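Asks: These two chains come separately, so use the hints to put the complex back together.
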Amino acid sequence: MTKRSNIKWFVLFTVPLLFIFTIVVIIPFLIGIYYSFFEWDGIGANPKVFVGTDNFIELWKDEQFLRSTWLTTLFTVLSVITINIIGLAFAMLVTSKVRSANAARTLLFMPYLIGGLILGYIWQFVFLDVFTFFGEITGFDQVFFNWLVDPEFALYSLVFVFTWQMAGYIMIIYIAGIQAIPNDVIEASKIDGASKWQRFTRITLPLLMPALTISLFLTLSSAFKIYDVNLSLTGGGPANATELFAMNIYQEIFGSSNYGFGQAKAIVFFLIVAAITLTQVYMTKKREVEM
Amino acid sequence: MRKTTNVLKAVLLILLALFFLSPIYIIFVNSFKDRQELYDNALSLPENFSFQYYIEAIEKMNFLSALGNSLYITIISVLLIVVLSSMTAWMLVRTESKISTVIFMTLIATMLIPFQTLMMPLMQLMSSITENLNIPMYNTREGLIFMNIGFHASLSVFLYHGFIKSIPITLEEAATIDGASKFGVFWRIIFPMLKPITATVMILNVISIWNDFLLPSLTLIDTNLRTIPLSTFFFFGEFTIQWNLAMAGLTLTIIPVIIFYALAQKHIIKGIGEGAVK
Chain S
0 MTKRSNIKWF
10 VLFTVPLLFI
20 FTIVVIIPFL
30 IGIYYSFFEW
40 DGIGANPKVF
50 VGTDNFIELW
60 KDEQFLRSTW
70 LTTLFTVLSV
80 ITINIIGLAF
90 AMLVTSKVRS
100 ANAARTLLFM
110 PYLIGGLILG
120 YIWQFVFLDV
130 FTFFGEITGF
140 DQVFFNWLVD
150 PEFALYSLVF
160 VFTWQMAGYI
170 MIIYIAGIQA
180 IPNDVIEASK
190 IDGASKWQRF
200 TRITLPLLMP
210 ALTISLFLTL
220 SSAFKIYDVN
230 LSLTGGGPAN
240 ATELFAMNIY
250 QEIFGSSNYG
260 FGQAKAIVFF
270 LIVAAITLTQ
280 VYMTKKREVE
290 M
Chain L
0 MRKTTNVLKA
10 VLLILLALFF
20 LSPIYIIFVN
30 SFKDRQELYD
40 NALSLPENFS
50 FQYYIEAIEK
60 MNFLSALGNS
70 LYITIISVLL
80 IVVLSSMTAW
90 MLVRTESKIS
100 TVIFMTLIAT
110 MLIPFQTLMM
120 PLMQLMSSIT
130 ENLNIPMYNT
140 REGLIFMNIG
150 FHASLSVFLY
160 HGFIKSIPIT
170 LEEAATIDGA
180 SKFGVFWRII
190 FPMLKPITAT
200 VMILNVISIW
210 NDFLLPSLTL
220 IDTNLRTIPL
230 STFFFFGEFT
240 IQWNLAMAGL
250 TLTIIPVIIF
260 YALAQKHIIK
270 GIGEGAVK
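First to last, the protein sequences are chains S and L. With numbering that gives the first Met the number 0 as the guide, the letters of the first sequence map in order to residues 0 to 290. With numbering that gives the first Met the number 0 as the guide, the letters of the second sequence map in order to residues 0 to 277.
Here chain L stands alone, though its shape is the one from the complex (with noise of 0.2 Å):
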C-alpha cells in the first residue's frame, strides 16, 4: 500500500516537472519545423528533423561571435571576483578595527542600490574616463569586465566574510610563527580552505553575469562584442515575425545553459542554498 502511493507520487512529481519545463519543449520542437507544420500543431514533434533554421539563426545572430564574447567576459570577471573579494574579505575578517567594519557595512548597505539609480552617472563616468584619461572603459569587454567586479563586489565579500569568520585563526598563526608572509598563508592555508564558498560565489556570480542584459546593452555598443543575451535582443528585433527562426536562435542560446548545468548540477543546486542560508 505503502510503496505503491510511493510510486504514484514519484511518477506525479516527474510529471509536475516536466509539465514545467513544457515551454522549453515547445521551443526546441519547433525549431524544426517549417512555418505551416509550426501554425497547425505548435505542440506535435517534427515530421523531419530540417536544420536550416539553426544555420540561418547561428549566422544572423553572429552567434560563435557572441559566444565567445559571453565566455570571455563571464570567465574572467568570476574569476577576479573570486581572487580580490576572497582577499578583501580575509583582510575584513582578520583585521579588527573601525575601518573594516565601516568598509563591510558600506559594501552591505549598497546591495540596496537598483542598477538603475547608478547606470546613467556611470555611463558618464565611463565614457569620460575614455576620453579624457584614454583609458578604454566604454564599449570595451574589459570595460564591463571592471565594472562586473564592482557590481558583484559587496555579494561576494558578504559570502567569503561569513565563511571566514567560521575557520578559527590558530592554523594562521602557526603558519605565521613558521616565516610564512602573509600572502604566502592566504594562498597556501586560507584560500584551500575556501572551496566550498568560492563554489557557491562562482556559481552566483556565473548566473547573473552570464545573463545579465542591461549593463551590457549600455556599453557595449560596436556589433562584434555582444554578448549571447545581447545578440538575442537584436535578433528578435529584427526577425520576430519569424517564429522558426527566432525558435532556432533561442534553442542555441539555450545549449550552453544546458551544457553547464549538466556538469555542475549538483554543486550548482548546493551551491544555492549554502549562499542563501548565509
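Extracted from the complex, chain S is given alone in its bound form (with noise of 0.2 Å):
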C-alpha cells in the first residue's frame, strides 16, 4: 500500500463530516467573533458600523444582562446541588437488591427523554391548578401557590423542574460509577466492621469521583446553557426576574435587533461556560482516585 493512497483513503473517509462540520461550527463562530466588533442591526443593507471593544464594555452597563449572570449563576448552583444528591440518592436506592428497583430505573429516567420544552409546559398547569388546589386543601398557602407569578419562587421553580428533569439522568451515570466499584472492596470493609455511613463516606464517594466529574460537568453546563425550560415554564418572567442568560442573549439578537451587541454577550457566554467547566473538570480530576 502505497503512502499516496493512504491519504486517499483519509481524505475520503475524514472529508465529507469536517467539511460539514467546518461550515456549522467553525466558520460560524469566526463570523461571531467578527460581529461582536460591530454596531449592526441585522439587516443586510445597513451598514456594519465597526466600533472596536465598545459592545464589550458597554456590557458591564447591561444591567440586565448582570441580573441574567446573577440568576444564571444562582440557578445553575442551586441545580447542581439538587441534581447531583436526588440523582446519587436515587441510585443508591436503585442499585440495592430490591425486586421493583429495575421498573424504579426505568421510570424515574423517564422525565429526560420528553425534552425542555414540553416538560415545561407540563410543570406550567401542575404549578397553575396542582399547587394552588393543594394550597387550599392543607393550609400551607405559603409553600403551594402558583409559584410562576412569584419573582424569587419562579426561578426555584425553575431548579425544580430542571431538577425533574435532569435527575434521572444522572441517576443512570451514578449507576454506572456504583456498579463499576468491585464488589470485594464492600466486602472487605464488611468484615472490618464498618457502618453503612462509614461505607459510603469512605468507601463509595471516593471511588464515585469519576462519575461526578462527568455529572457535574453536564449538570454545570446544561444548567448554564439552559433555554427550553425557561422559555416554556416563565418565559422569563414575572418581569423578567427568570431571564437567564441563553434567553437574554437570544432577546438581545433577535428581540432587540442588536445583532452586535447580542453577538458580544454571546461570545463572553462562551468563555464563561468554557472556563467555569474546565475548570471544574481540573478541579474534579485531580481528586479522582486510582484503583
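Hint data in this document are derived by calculation from the structure and do not stem from the laboratory. Predicted model, so just to flag it, every value in this text is computed and none were measured. Virtual Cβ for every residue (Gly too), placed ideally from N, Cα, C. Check before you lean on any hint, since a few could be wrong.
What the hints assert, rightly or not - Result set (DSS-like, lysine-lysine): computed pairs, CA atoms no more than 27 Å apart in a straight line:
(1) Lys265(L) - Lys2(S)
(2) Lys164(L) - Lys2(S)
(3) Lys284(S) - Lys164(L)
(4) Lys189(S) - Lys96(S)
(5) Lys265(L) - Lys96(S)
(6) Lys265(L) - Lys7(S)
Stated by the list, open to error - Here's a subset of chain S near chain L, in silico, CB distances under 8 Å, partners left out:
(7) Phe12
(8) Trp69
(9) Leu92
(10) Ser95
(11) Phe108
(12) Val125
(13) Val129
(14) Leu154
(15) Tyr155
(16) Ile171
(17) Ile174
(18) Ala245
(19) Tyr249
(20) Phe269
(21) Val272
Replies: In C-alpha cells form, the structure reads like this:
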C-alpha cells in the first residue's frame, strides 16, 4: 500500500463530516467573533459600524445582562446541588437488591426523554392548578401556590423542573459508577466492621469521583445553557425575573435586533461556560483516586 | 425479617417512582375532561372519556405533519451522523499523525461552545448560501439535517474514537493482507464490531435531535415544516387558555417518546450509562 493511497482514503473517510462541521461550527464561530466588534441591526442593507471593543465595555453597564448573570449563577448552583444529591440518592436506592429496582430505574429516567420545552408546559399547569389546589386543601398556601407569578419563586420553579428533568439522567451515570466499584472492597469493609455511613463516605463516595466529574460537568454546562424550560415554563417572567443567559442573548439579538451587541454577549457567554466547565473538570479530576 | 423489609423497600421504591411521574398522570387524565370537571378536581380520574380534545388538538397542531417532519429529520440526521462520524473516528484513530490529533482536539474543544454563540452567524451564513449559491439550506428540512450533523459531529466522533482505540488492529491487518480495500475493511469488519457504541451514539442523538427546539425554530419558517416541539410552541402561544385542549396536545407529543422508550428501554439506559463512562 503506497503512502499516496493512504492519504486518498483518509480524505475520503474524513472530509465529508469535517466539511459539514466546518460550515456549521467553525466558520460561524469565527464570523461570530468578527460581528462582536460591530454595531449592526441585522439587516443586510444597513451598514455594519466597526466599534472595536465598545460592545464588550457596554456589557458591564447593561443591567439586565448583569441581572441575568446573577440569576443564571444562582440557578446553576442550586440546580447542580439538587440534581446531584437526588440523582445520587436515586442511584443508591435502585442499586440495592430489591425486585422493583429495575422498574423504578426505568420510570425515574423518563422525564429526561420528554424534552425541556414540553416539560415546561406540563409543569406550568401543575404550578397553576395543582399547587394552588394543594395550598387550599392543606392550608400551606405559603408553600403551595402558583410559583410562576412570584419573582423569587419563579426561579425556584425553574430549579425544580430542571431537577425533575435531569435527576434520572444523572442517576444513570451514578449507577454506572456504583456498579464499577469492585465487590470485594465492600465485602472487606463489612468484615472490618464499617458502618453503613462509613462505607458510604469512606469507600463509595471516593470511588465515585469519576462519575462525579462527569455528572458535575453535564449538570453545570447544561444548567448554564438552559433555554427550553426557561422559555416554556416562565418565558423569562414575571418582570424578567427569570431571564437567564441564553434567553437574554436571544432577546438581544432577535428581540431587540442588536446583532453586534448581542453577539458580544454570546462570546462572553462562551468564555464563561468554557472557563467554568474546564475549571470544574480540572478540580474534580485531581480528586479522583486510582484503584 | 429481612424479607419483609425488602418487600417494604420494593413497594416504597415503586411509589416514589410513580409520585415522581405524577405530572404526566395529571396531564393525561385531564386531557379527557371538560372545563368544569378539570377545575373541580385536577387529580381525579375523568368521569367519561371524551376524545373530543384530541381530535381538535390533532387538527390545530397539525400533529400528523409535525410527527412526519420530526421522524424524517431525526431518522435521516441520526443515520448520517452514524455513518460519517464512525468513518471519521476510525481514520483518526488508525492514522497516527499530527493532523489526526489536531482534528480530534478541535472537535473536542468545540463542544464547549454554547449554541447561542453560533446561532446568529450560522443563520446569516445559511441564508447567504441559500441566496447566493442557490442551495436551499435555510427553511428546508434538509438544511436542518445538515446543521444537525455538524452540531452532533463532536460528541459522536468522541464516543466512536474511545471505542475504536480499544479494538486491536490485527484483524484489520489480516484483512488488508487478504486484499480488502480500506472501504471493505471498515464496512465488513470494523463497523459490525462497533454495534454497542453505535447504539449509544444513536440514542443520544435521537433524544437531542427529537427534542431540539431552538435550532428548528430559527431554521424552519414555513408552518408545514414544523417539528413536534415547534408545533407545541405555537399551539401554546395560541391556545394556552384552553387547558384541556393543551393537555390533549401535550399527551400527543409524549406518546411517540413513550413508544420509543418502551421499545428500546434496555438499550437506552445501558447506552446512556456507557456514553457517560467514556
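Asks: A separate judgement is required for each hint: does it hold in the structure or not?
Replies: To see whether the hints hold, each was checked on the structure:
Distance hint between Lys265(L) and Lys2(S) is unfulfilled; the C-alpha atoms sit about 44 Å from each other, more than 27 Å. For the hint pairing Lys164(L) with Lys2(S), the CA-to-CA distance comes to about 22 Å; that is within 27 Å, so the pair holds. Proposed proximity of Lys284(S) and Lys164(L) is supported: the alpha carbons are some 22 Å apart, at most 27 Å. In summary, the hint linking Lys189(S) to Lys96(S) is supported, as the alpha carbons are separated by about 17 Å, within the 27 Å threshold.
Between Lys265(L) and Lys96(S) the alpha-carbon distance is near 18 Å, which keeps this suggested pair within the 27 Å criterion. At roughly 40 Å between alpha-carbon atoms, Lys265(L) and Lys7(S) are farther apart than 27 Å, so this suggested pair is violated. Checking Phe12(S) against chain L: minimum C-beta separation of about 4 Å stays under 8 Å; hint holds. At a threshold of 8 Å, the smallest CB-CB gap from Trp69(S) to chain L is about 18 Å, leaving the interface hint violated.
Taken as an interface hint, Leu92(S) checks out: its beta carbon lies about 6 Å from the nearest beta carbon of chain L, inside 8 Å. Here the hint on Ser95(S) is kept, as its CB sits about 7 Å from the closest CB of chain L, short of 8 Å. With a least beta-carbon distance of about 6 Å to chain L, the hint placing Phe108(S) at the interface is held under the 8 Å criterion. With a cut of 8 Å, the hint placing Val125(S) at the interface with chain L holds, because the nearest CB-to-CB distance is about 5 Å.
Using the Cβ-Cβ criterion of 8 Å, the hint placing Val129(S) at the interface with chain L is satisfied: the shortest such distance is roughly 6 Å. The beta carbon of Leu154(S) comes no nearer than 19 Å to any beta carbon in chain L, farther than 8 Å, and the hint placing it at the interface is violated. Restraint check, Tyr155(S) versus chain L: the minimum CB separation of about 16 Å is more than 8 Å; hint violated. Against a cut-off of 8 Å between C-beta atoms, the interface hint on Ile171(S) holds, since the closest Cβ of chain L lies about 5 Å away.
The criterion of a C-beta within 8 Å of any C-beta in chain L is met by Ile174(S), whose closest approach is roughly 6 Å, and the hint holds. With a cut of 8 Å, the hint placing Ala245(S) at the interface with chain L holds, because the nearest CB-to-CB distance is about 5 Å. At a threshold of 8 Å, the smallest CB-CB gap from Tyr249(S) to chain L is about 7 Å, leaving the interface hint in force. Interface hint at Phe269(S): satisfied, since its Cβ lies 4 Å from the closest Cβ of chain L, which is below the 8 Å cut-off.
About 5 Å separates the beta-carbon of Val272(S) from the nearest beta-carbon of chain L, less than 8 Å, and the hint is met.
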